[in-house]
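Fit chain B to the known structure of chain A by using the hints.
Order-wise, the sequence lines are chains A and B. Under this note's numbering, the first residue of the first sequence is numbered 131, with each subsequent residue one higher. Under this note's numbering, the first residue of the second sequence is numbered 131, with each subsequent residue one higher.
Just to be clear, a hint being listed does not mean it is correct.
Which residues of chain B face chain A? A few of them, derived with a C-beta cut under 8 Å, are [unchecked claim]:
1. L213
2. I230
3. L246
4. Y247
5. S248
6. E261
7. L262
8. K267
9. T432
10. T433
11. I458
Pair ranges (Cβ atoms, derived) [as the list claims (entries may be wrong)]:
12. A:A145 to B:Q366: 53 to 59 Å
13. B:F311 to A:L238: 35 to 41 Å
14. B:E253 to A:Q241: 16 to 22 Å
In silico DSS-like links for lysine-lysine, alpha-carbon gap of 25 Å or less [said to hold, decoys possible]:
15. A:K231 to A:K466
16. B:K350 to B:K339
17. A:K231 to A:K267
18. B:K252 to B:K381
19. B:K413 to B:K381
20. A:K167 to B:K211
21. A:K167 to A:K252
22. A:K211 to A:K231
23. A:K339 to A:K466
24. B:K211 to A:K252
25. B:K252 to B:K267
26. A:K252 to A:K327
27. B:K327 to B:K350
28. A:K339 to A:K231
29. A:K211 to B:K167
30. B:K413 to B:K327
31. B:K211 to A:K267
32. B:K466 to A:K211
33. B:K231 to A:K252
34. B:K211 to B:K267
35. B:K339 to B:K231
36. A:K231 to B:K231
37. A:K211 to A:K267
38. B:K252 to A:K211
39. B:K466 to B:K231
40. A:K350 to A:K327
Hints are computed from structural coordinates only; laboratory data are not their basis. Even glycine gets a Cβ: it sits at the ideal position worked out from N, Cα and C.
Protein chains: 2
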Amino acid sequence: MEKQKIKITVREVAARAGVSTATVSRAFNHKGIVNPKTYQSIMEAATALDYKQETAGDISPNRAPVISYTNRNNSKKAVDKRLLIINIPAISNPFYTEIIKGIQSSALNHQFDFLLYSGHIKESSIDTFLELVDYVKAQGVILLNLISEELLARITEIIPVVQCCEYTQNEFASSVGINDFTSTQRAMDYFLSTGRKRIGFINGPLSYKFSQNRLQAYYKAMETAGIEVQSQWVIQLPDLSPDMAFSSVVKLLSMPDAPDCFFAVSDVLAAAAIRAAHYCRLKVPGDILVIGFDNTDISHLTTPSITTVNQPKFQLGFLACELLCEKIRNPESEVKHMLLNTELILRESTAVGAFTAKGY
Amino acid sequence: MEKQKIKITVREVAARAGVSTATVSRAFNHKGIVNPKTYQSIMEAATALDYKQETAGDISPNRAPVISYTNRNNSKKAVDKRLLIINIPAISNPFYTEIIKGIQSSALNHQFDFLLYSGHIKESSIDTFLELVDYVKAQGVILLNLISEELLARITEIIPVVQCCEYTQNEFASSVGINDFTSTQRAMDYFLSTGRKRIGFINGPLSYKFSQNRLQAYYKAMETAGIEVQSQWVIQLPDLSPDMAFSSVVKLLSMPDAPDCFFAVSDVLAAAAIRAAHYCRLKVPGDILVIGFDNTDISHLTTPSITTVNQPKFQLGFLACELLCEKIRNPESEVKHMLLNTELILRESTAVGAFTAKGY
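The following block holds chain A by itself, in its conformation from the complex (with noise of 0.2 Å):
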């Protein structure tokens, strides 16, 4: 029988060698992104203190790496908080507000305490983000952005892991979304079935998988109603803000063979839309057709209000918690990927015919 001893964790290693456990972390499983100096200091922490790590053969290959952060919650002398870090991509997008509701309630559930880490997780700041994790002492992560396969796989090797809206399918983290193709077939269907065949189609930046999603969801529903799609038709903006918006619709409404009918990948782009119209004297439902996609706020709002997809917000933030925390309690737990469904809300903005406002 081998000799029992007090286990080494990755923190005595870090405390050691000077870095964070992140960085300790990053050292066994991606030897080539840490700096050489450092790669040696740790080794030799982990060589003085007679660290043994886990090896890959202990987890099922089609499982997440769990070593490290079970390592991390080992090592600690009491949990006197439980903390989940939501990353957003922008506060700005009301959007997010049902969503971290959703947390809210699964967390409160757990008894979790979550703080919002806003903006993008890029290549640049990919170890800003893991030292803070790892300075705050979270025990887990849910991100409502979208990350390369590469950085969540650093992000998952020290802390479990849910992607929420945004997500990519892979072994590494769960994810909880909603069916782009189905629904934005289900606004074109709709569509289709007034008998109009020029459909545009406002779309946010393709850095974003729903944009990717909704925009080949677009070009298959045109493809199986046999319209060819003029590229035109097709607004590829550089941001979510409506001001590119309003001016792209005006600048494609004065061409020949303008749409009629225009798909917004969000709620704020319709409504840019529908000033458009106004703007260049068209009226919307009686000229122009639009359908946005969230349902937020501003979609009954307006005038006329904007037909939309609903996404079932709280219960995608509510599930993607609920995941996290099983992922937490349990780090063996299958990596699960879920797809929700979506309604279309039938508003002013497609109601074919005169215009009343009938309020909302």
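Below, chain B without anything else, positioned relative to chain A:
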């Protein structure tokens, strides 16, 4: 000469007594609000360690108490991360986006990271908040939410605080806000200049300082103009959601002597008032004029676009963070209260005469 010895910190007293540093600070500063048993064990720990509390006489009575967080910082082995906590009431309000950008810009200059704490700090949640601030080893707090002076005092006992937007004028924490009085006065002057007298006021909860201030300014302006306010002209909402505003305005517009102008304390409420007017077959601005507040996206996406009071949002956030960093660097720095100017942005909702869509 006194015996030189290593100074015992609040953190060491807290560790020995098995409580948070926040509780130790409270025990020393506000004995009455600490559980007697806890108080007893803290005092025993302090005696055993020979902890010397700096006396109130050491600092000017006009300055915020700085004892605890000074000790707190000294007690850290090494500050390997600089972290601020920003308390936002809810992430729903797009108003906060620009404020957060301002904070970010200043924080970056001072090498601070920041995390957002979403929710109201109340009597029932203050302990959780203080423990969290301690747990994550934050060095400063910006409050975007109004809290009672008593709770504010408890936070400033352990960490430097700056109030942003919502504030009380006290000696504990600096503040940056806007002049609600002159902002409201300017909007009222505009309404009155059109010759209209039946001015309605759509207000948020009176728990917000801005709701109190703007309502006061409204009454003052009406009094100065010699107009008697009919009580039903003031719509007092239980929250800032637009649904209640819509119903209340619809109801009010069906009454005799209904207002022909509405001043709303936020753009979302102004948008709801416009929808309500449309629902009642009234034209904005033909029949009803509407002015909002904040100059958020929605104000230029509705039809008609909304005349609104622009707050210098970026500057509010930037200055709040500058004041906080100054306080962290120099705990003796003076408590300051700053008021920034606003401007009235004229759009279609007050363009008296025939309405024409003119873009934005």
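Here is what the structure says about each hint:
1. Checking L213 (chain B) against chain A by beta carbon gives a least distance of about 7 Å; that is within 8 Å, so the hint holds.
2. Contact between I230 (chain B) and chain A, as hinted, is supported at the beta carbon level, the nearest pair being about 6 Å apart and thus within 8 Å.
3. Given hint, L246 (chain B) at the interface with chain A, holds; its Cβ is 4 Å from that chain's nearest Cβ, closer than 8 Å.
4. Taken as an interface hint, Y247 (chain B) checks out: its beta carbon lies about 6 Å from the nearest beta carbon of chain A, inside 8 Å.
5. Against a cut-off of 8 Å between C-beta atoms, the interface hint on S248 (chain B) holds, since the closest Cβ of chain A lies about 6 Å away.
6. This hint holds: E261 (chain B) has a C-beta 6 Å from the nearest C-beta of chain A, less than the 8 Å allowed.
7. A least Cβ separation of about 6 Å between L262 (chain B) and chain A falls short of the 8 Å threshold, and the interface hint therefore holds.
8. For the restraint placing K267 (chain B) at the interface with chain A, the shortest Cβ-Cβ distance is roughly 7 Å, inside the 8 Å limit, so the hint holds.
9. For T432 (chain B), the interface hint holds, since its Cβ comes within 8 Å of a Cβ in chain A; the closest pair sits about 5 Å apart.
10. Interface hint status for T433 (chain B): upheld, as the beta-carbon distance to the closest one in chain A is roughly 5 Å, under 8 Å.
11. A least Cβ separation of about 17 Å between I458 (chain B) and chain A goes past the 8 Å threshold, and the interface hint is therefore violated.
12. The beta-carbon spacing between A145 (chain A) and Q366 (chain B), approximately 57 Å, falls within the hinted interval of 53 to 59 Å.
13. The supplied range of 35 to 41 Å is met by F311 (chain B) and L238 (chain A), whose beta-carbon atoms lie about 39 Å from each other.
14. A hinted range of 16 to 22 Å for the beta carbons of E253 (chain B) and Q241 (chain A) is consistent with their spacing of about 20 Å.
15. For the hint pairing K231 (chain A) with K466 (chain A), the CA-to-CA distance comes to about 22 Å; that is within 25 Å, so the pair holds.
16. A threshold of 25 Å between alpha carbons decides the hint, and for K350 (chain B) with K339 (chain B) the separation of about 17 Å falls inside it, so the pair holds.
17. Our distance criterion of 25 Å between C-alpha atoms is met by K231 (chain A) and K267 (chain A), whose separation comes to about 23 Å.
18. With a CA separation close to 34 Å, the supplied pair K252 (chain B) and K381 (chain B) exceeds the 25 Å bound.
19. Using a Cα cut-off of 25 Å, the hinted pair K413 (chain B) and K381 (chain B) holds, with the two alpha carbons roughly 16 Å apart.
20. With a CA separation close to 22 Å, the supplied pair K167 (chain A) and K211 (chain B) stays within the 25 Å bound.
21. With a C-alpha separation of about 24 Å, the suggested pair K167 (chain A) and K252 (chain A) falls inside the 25 Å cut-off, and the hint holds.
22. This hinted pair checks out: K211 (chain A) and K231 (chain A) have alpha carbons roughly 20 Å apart, not beyond 25 Å.
23. Distance check on the hinted pair: K339 (chain A) and K466 (chain A) sit about 18 Å apart at the alpha-carbon level, within 25 Å; holds.
24. A C-alpha spacing of about 19 Å is found between K211 (chain B) and K252 (chain A), which places the hinted pair at or below 25 Å, so the restraint holds.
25. Between K252 (chain B) and K267 (chain B), the direct Cα distance comes to roughly 21 Å. Compliance with the 25 Å bound is thereby established for this hinted pair.
26. Between the alpha carbons of K252 (chain A) and K327 (chain A) the distance comes to roughly 40 Å, so the proposed pair goes past 25 Å and is violated.
27. Taking the CA atoms of K327 (chain B) and K350 (chain B), the gap is near 14 Å; set against the 25 Å cutoff, the hint holds.
28. Restraint check for K339 (chain A) and K231 (chain A): satisfied, since their Cα atoms lie roughly 23 Å apart, inside the 25 Å limit.
29. The hinted pair formed by K211 (chain A) and K167 (chain B) meets the criterion: a straight-line CA distance of about 22 Å does not exceed 25 Å.
30. Distance check on the hinted pair: K413 (chain B) and K327 (chain B) sit about 18 Å apart at the alpha-carbon level, within 25 Å; holds.
31. A hinted pair counts as satisfied when its Cα atoms are at most 25 Å apart, and K211 (chain B) with K267 (chain A) qualifies at roughly 12 Å.
32. Restraint check for K466 (chain B) and K211 (chain A): the C-alpha separation of about 34 Å exceeds 25 Å, so the hint is violated.
33. Distance check on the hinted pair: K231 (chain B) and K252 (chain A) sit about 18 Å apart at the alpha-carbon level, within 25 Å; holds.
34. As the CA atoms of K211 (chain B) and K267 (chain B) are separated by approximately 9 Å, the hinted pair is consistent with the 25 Å bound.
35. A C-alpha spacing of about 23 Å is found between K339 (chain B) and K231 (chain B), which places the hinted pair at or below 25 Å, so the restraint holds.
36. Straight-line distance between C-alpha atoms of K231 (chain A) and K231 (chain B) comes to about 23 Å, which keeps the hinted pair within the 25 Å bound.
37. Distance check on the hinted pair: K211 (chain A) and K267 (chain A) sit about 9 Å apart at the alpha-carbon level, within 25 Å; holds.
38. Distance restraint check for K252 (chain B) and K211 (chain A): the Cα-Cα separation of roughly 19 Å lies within the 25 Å cut-off, and the hinted pair is therefore satisfied.
39. At roughly 22 Å between alpha-carbon atoms, K466 (chain B) and K231 (chain B) fall within 25 Å of each other, so this suggested pair holds.
40. For the proposed pair K350 (chain A) and K327 (chain A), the alpha carbon gap of about 14 Å is at most 25 Å, so the pair holds.
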